[in-house]
Every structure is written in C-alpha cells, then in structure tokens.
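Engineer: Residue-level listing of the chains:
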Amino acid sequence: MAGTPQYVGLANLTLGASASTVTFSSIAGTYRDLYLVIAGNVTTSAAGVNLRLNGDTTTTNYSTVTAQGDGSTATTSSSNTFGLGSLSTTQGAITATFFDYAQTNKHKGYLVQVDRFDSAAQTRAGSWANTAAVTSLAVVAAANAFAADTTFTLYGVN
Amino acid sequence: MAAKELLGTIVVDASAPTTITFTSFPSDGTDLLVVLSARDTTTNGIVSVQLNGDTTAANYSRRLLISNGVSVSSTMASSFPYGNIVNSGQTANTFGSMQVLLPKYTGSAQKTISIQAITESSSTTGYANLVSGNWTGTAAITSVTLTKDGVGSFAEGTTASLYKITKGSGGATVA
Numbered sequence: 001m002a003g004t005p006q007y008v009g010l011a012n013l014t015l016g017a018s019a020s021t022v023t024f025s026s027i028a029g030t031y032r033d034l035y036l037v038i039a040g041n042v043t044t045s046a047a048g049v050n051l052r053l054n055g056d057t058t059t060t061n062y063s064t065v066t067a068q069g070d071g072s073t074a075t076t077s078s079s080n081t082f083g084l085g086s087l088s089t090t091q092g093a094i095t096a097t098f099f100d101y102a103q104t105n106k107h108k109g110y111l112v113q114v115d116r117f118d119s120a121a122q123t124r125a126g127s128w129a130n131t132a133a134v135t136s137l138a139v140v141a142a143a144n145a146f147a148a149d150t151t152f153t154l155y156g157v158n
Numbered sequence: 001m002a003a004k005e006l007l008g009t010i011v012v013d014a015s016a017p018t019t020i021t022f023t024s025f026p027s028d029g030t031d032l033l034v035v036l037s038a039r040d041t042t043t044n045g046i047v048s049v050q051l052n053g054d055t056t057a058a059n060y061s062r063r064l065l066i067s068n069g070v071s072v073s074s075t076m077a078s079s080f081p082y083g084n085i086v087n088s089g090q091t092a093n094t095f096g097s098m099q100v101l102l103p104k105y106t107g108s109a110q111k112t113i114s115i116q117a118i119t120e121s122s123s124t125t126g127y128a129n130l131v132s133g134n135w136t137g138t139a140a141i142t143s144v145t146l147t148k149d150g151v152g153s154f155a156e157g158t159t160a161s162l163y164k165i166t167k168g169s170g171g172a173t174v175a
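If you read the sequences in order, they're chains G and A.
Numbers 1 to 158, taken from our numbering, label the letters of the first sequence in order.
Numbers 1 to 175, taken from our numbering, label the letters of the second sequence in order.
These are calculated hints, taken from the structure and not from any lab test.
All C-beta atoms, glycine included, are put in the ideal place defined by N, C-alpha and C.
Treat the hints with care, as some may be off.
Stated by the list, open to error - Covered by chain G, per the in silico footprint, the following chain A stretches (three or more residues, Cβ under 8 angstroms):
{"hint": "1", "region": "37 to 44"}
{"hint": "2", "region": "140 to 147"}
Claimed, not checked - Pulled from the structure, derived: some chain G residues nowhere near chain A, Cβ distances all over 12 angstroms:
{"hint": "3", "residue": "ALA11"}
{"hint": "4", "residue": "GLY16"}
{"hint": "5", "residue": "THR58"}
{"hint": "6", "residue": "THR81"}
{"hint": "7", "residue": "ALA93"}
{"hint": "8", "residue": "ASP118"}
{"hint": "9", "residue": "ASN130"}
{"hint": "10", "residue": "SER136"}
{"hint": "11", "residue": "ALA143"}
{"hint": "12", "residue": "GLY156"}
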C-alpha cells in the first residue's frame with residue numbers, strides 16, 4: 001500500500017526586498033491542515049505579525065489564548081486579536097498550523113509557536129469565527145515591514 | 001511532491017551514548033526537523049542542541065517557558081537551547097518526546113532553534129517546555145548534535161529521527 005505524503009509543499013516566497021504583506025491565495029482544499037513557517041525578521045524594531053484569513057480584517061472575528069516566557073516571567077493572556085505573534089530585527093520564526101482549514105462546518109482553529117530568542121518563547125491557540133473554507137492566508141507586519149531574505153513557506157498536511 | 005522526508009533514524013542500544021549526531025545530510029531542503037523519544041540513564045533529564053559541532057556555549061542563547069503541572073516559569077541564558085526528557089527517576093518504560101525545528105537551515109543568517117519537549121510519564125513530576133533558541137553561526141547547518149547535558153546518557157530504546165522539509169514551488173503575492 002502506497003503511503004500518502006504527510007507534508008506537501010504548496011508555496012514559498014523569499015523576499016528580495018522588504019514588504020509589509022505576504023499573501024497566499026487560491027489555496028486548494030485538498031489537505032487536512034495547513035502549516036506555515038515564517039523565518040526571518042522585520043526592518044525596524046519589534047513588530048506584531050497579523051493574520052488575515054480570506055481577507056478578513058475584523059479583529060473581533062479572531063480570538064487567541066497566549067502563553068509565553070520572557071526569560072524571567074511566564075504570563076498568559078487572551079484577547080480578540082488577529083495577532084499571530086511578533087518578530088524583531090534579529091532572526092526569529094513563527095510556525096502555525098491551521099486545522100481542518102477546508103472544512104465548512106466549523107470555525108477554524110490554529111496553533112502557533114513564536115520563537116524570538118531575544119524576547120520570548122510563546123505559544124498561541126487561536127480561532128477564526130468563520131465556517132468558510134480558508135482559501136487565502138495573509139501575514140502582515142504591523143506598522144513595519146518584513147525584511148529582505150525573510151522566508152514564508154506554506155505546506156498542506158495530510 | 002512529498003515535502004517531509006525521513007533522512008535517518010538512530011536507535012540507541014545499551015551502549016549509553018552521551019550524544020546523538022546527524023551528519024552528511026542533503027543541503028537541498030528548507031527546514032530540518034529532529035524528533036526525539038528519549039530517556040536519561042540518570043535523574044538529570046536534560047538534552048541540549050549543538051549545530052555544526054560548535055560546543056561554545058556563548059554562541060547560543062535560549063529563552064524557555066517551562067510548566068511542570070504545578071507552576072509555570074521562564075528562564076533565559078546565553079547557552080545551549082535544551083529540552084527536558086524523562087529521567088531515570090520517573091515511571092519505568094516511559095520516554096519523553098522532543099521536537100527541534102531548524103528553519104532555513106541552509107541560509108546565511110543566524111539560526112533559529114525551536115524546541116518543544118514533554119516528559120509526561122504518569123509520575124508526580126512532568127515538564128512541558130517551549131524553547132526559543134538561537135545559534136550565532138551563519139554557515140549552513142551540516143550537523144545536528146543532541147547532547148545529554150551535564151551527567152547521564154541516553155537510555156536504550158531512545159530514538160532520534162531527522163527529517164528534511166522542502167518548500168513547494170508555488171508563489172505568494174507581496175505588498
């Protein structure tokens with residue numbers, strides 16, 4: 001019996017110049033989950049990275065619970081935010097899994113790990129209150145820009 | 001195209017090694033993922049990560065979120081990123097699980113070391129770690145070493161697998 005590939009590379013981008021928004025569109029509904037890896041930094045000072053699913057810019061449609069350790073203090077918080085995490089001017093990474101993204105009978109849950117060795121180790125559990133299948137995914141450097149050479153990679157997960 | 005490819009698995013025998021090293025792997029991937037199932041022969045229970053044979057602690061940094069079922073805490077240091085594994089004082093025949101993601105491993109910037117580790121073993125003490133780490137080296141990663149930090153060694157039955165994750169060819173729009 002032939003196995004099914006667990007990860008399938010869908011799209012990738014390495015910035016040749018700084019940019020504030022990167023969008024993956026026309027995402028096929030063929031897989032079970034989506035897995036996103038952002039590796040790099042922003043251009044000027046630490047900045048939040050925001051999520052847009054299907055172009056939805058309404059903050060209250062997103063909710064997150066966050067736990068983080070900054071090296072001395074562990075904290076937790078919850079809010080209605082489309083924040084995915086943050087990056088700084090030093091190398092870091094954000095990885096996020098979007099579960100059952102193509103299903104049309106449920107809100108979309110996602111799990112995020114933010115790696116900023118300069119600031120905090122952070123994990124977020126999020127939910128997008130929409131039953132539509134996710135067909136586009138955008139990340140936005142809030143009031144900042146992703147630096148050149150930052151990479152964005154999207155995988156379909158079976 | 002399958003994007004997650006198993007490069008190799010090391011199964012520890014009774015020789016009680018203190019390190020597990022992956023070398024000679026392809027440089028045509030995007031990210032590396034190490035998956036470890038491990039037990040310590042002593043009560044130490046710590047596994048650290050080194051890249052390209054660099055054993056100079058000052059070339060690394062780490063920031064941890066640690067929970068043990070009773071409290072949650074955070075620490076930081078200019079030293080090897082690490083995760084907790086099950087130790088010899090915990091329930092017999094249980095092993096901790098640890099994942100190490102090394103994104104953009106062939107890039108020319110400093111390297112992020114992203115660790116998740118758990119040691120749930122049905123005993124009174126277990127750990128869940130989240131670790132953000134960094135290596136200041138800018139060379140492509142050509143070796144990954146998991147080291148039993150301080151004392152102890154990897155117990156028989158410990159397994160470590162290295163995966164290569166490769167990006168697809170589709171694109172994204174930029175604004």
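Engineer: Return the numbers of the hints above that this structure violates; sort them in rising order.
Structural biologist: 1, 2, 3, 4, 7, 8, 10 and 12
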